[in-house]
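**Q** Sequence:
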Amino acid sequence: MSDDPMSTPMGNATIGENLLAAEASGRLVRRPDGLWQLPPLTGARVWVRSAPPPVHDCPTLMRYLFLAAYGSSAVPWGCRECFKVKILPRTLRHLMAAHQLAQSSGLGFKCGTEIDVTCSDSRYGAYFYFRGLADARAAYKILRTAIDAHPKLGPDVNMVIKRGCTDYEMACGPSDQWTFREDLPHLEATLLARFHAVPRPAESGMDQAMTKMGWIHTAYRIGDETYLDFTGGRRLYPATVTYDPDPS
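Under this note's numbering, the first residue of the sequence shown is numbered 1, with each subsequent residue one higher.
Honestly, the hints are just simulated from the structure, not real lab data.
Glycine included, every Cβ here is placed at the ideal spot set by N, Cα and C.
Mixed in with the good hints there might be a few duds.
[Said to hold, decoys possible] With beta-carbon atoms standing in for the labels, derived distance ranges:
| id | residue 1 | residue 2 | range |
| --- | --- | --- | --- |
| 1 | PRO151 | LEU35 | 46 to 52 Å |
| 2 | ASP4 | GLN177 | 28 to 34 Å |
| 3 | PHE230 | THR179 | 31 to 37 Å |
[Stated by the list, open to error] The calculated SDA-like cross-link candidates involving lysine to any residue, where the alpha carbons are at most 20 Å apart (straight line), are:
| id | residue 1 | residue 2 |
| --- | --- | --- |
| 4 | LYS86 | MET62 |
| 5 | LYS110 | ASP33 |
| 6 | LYS110 | ALA146 |
Start from the sequences, fold in the hints, and give me the full structure.
**A** Listed below in structure tokens is the structure:
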């Protein structure tokens with residue numbers, strides 16, 4: 001194993017080559033002090049997150065290590081014990097209720113829309129984050145009881161326990177078959193020493209309100225009529241006028 005992770009093969013290149021490619025594409029920024037840094041995300045917000053945030057530093061693990069340094073070829077060592085309980089809301093009504101439940105749970109979570117996530121077949125999602133499968137299983141039982149008793153959720157709303165991010169499974173195979181190279185702890189410690197993590201800014205009430213407005217527009221776009229619960233029963237846009245093809 002090389003003392004310099006930059007020369008370590010990872011995927012179809014070395015880690016150093018992967019990082020330089022990420023910098024060239026704008027996915028990483030080099031600071032004046034030589035440390036790497038993630039650029040701000042652009043685009044519409046789709047997630048509302050807990051404060052404090054989930055237990056893992058997901059932007060660093062996903063965007064810096066997995067996508068940039070590892071070239072999407074290895075699950076980070078720091079993600080090996082990440083397990084999530086996922087609520088699968090079928091409607092915006094369910095999602096809003098799941099967010100309400102999440103806020104009162106005291107757990108790290110994120111709630112949002114997944115209709116535009118390429119590797120997800122869910123409309124919406126509510127995720128709770130844990131270190132280790134045992135903690136996720138214990139929380140599952142508590143959350144299942146709360147969901148079953150919630151007047152706007154109930155036993156028909158599905159829940160699952162999953163490991164890590166779906167992006168990892170798409171690139172590295174089923175999560176129960178992941179393997180971790182022996183040199184990953186050393187590599188990640190060295191790489192993280194060369195990285196400047198920018199704390200995720202706290203979400204204001206206005207931020208969350210704007211995100212939820214986006215949820216409403218997404219629900220309208222996919223034909224989820226429960227968005228009317230949150231518009232006072234008013235349609236976002238007038239219904240299309242249609243005509244009988246056979247007037248006789």
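**Q** Taking the hints in turn, state whether each one holds.
**A** Hints, verified against the model:
1. Between PRO151 and LEU35 the beta carbon distance is about 50 Å. The supplied range of 46 to 52 Å therefore holds.
2. One distance hint, 28 to 34 Å for the beta-carbon pair ASP4 and GLN177, holds here, with the actual separation near 30 Å.
3. The supplied range of 31 to 37 Å is broken by PHE230 and THR179, whose beta-carbon atoms lie about 45 Å from each other.
4. For the proposed pair LYS86 and MET62, the alpha carbon gap of about 19 Å is at most 20 Å, so the pair holds.
5. For a cut-off of 20 Å, the pair hint linking LYS110 to ASP33 is broken: about 33 Å separates their Cα positions.
6. Our distance criterion of 20 Å between C-alpha atoms is met by LYS110 and ALA146, whose separation comes to about 17 Å.
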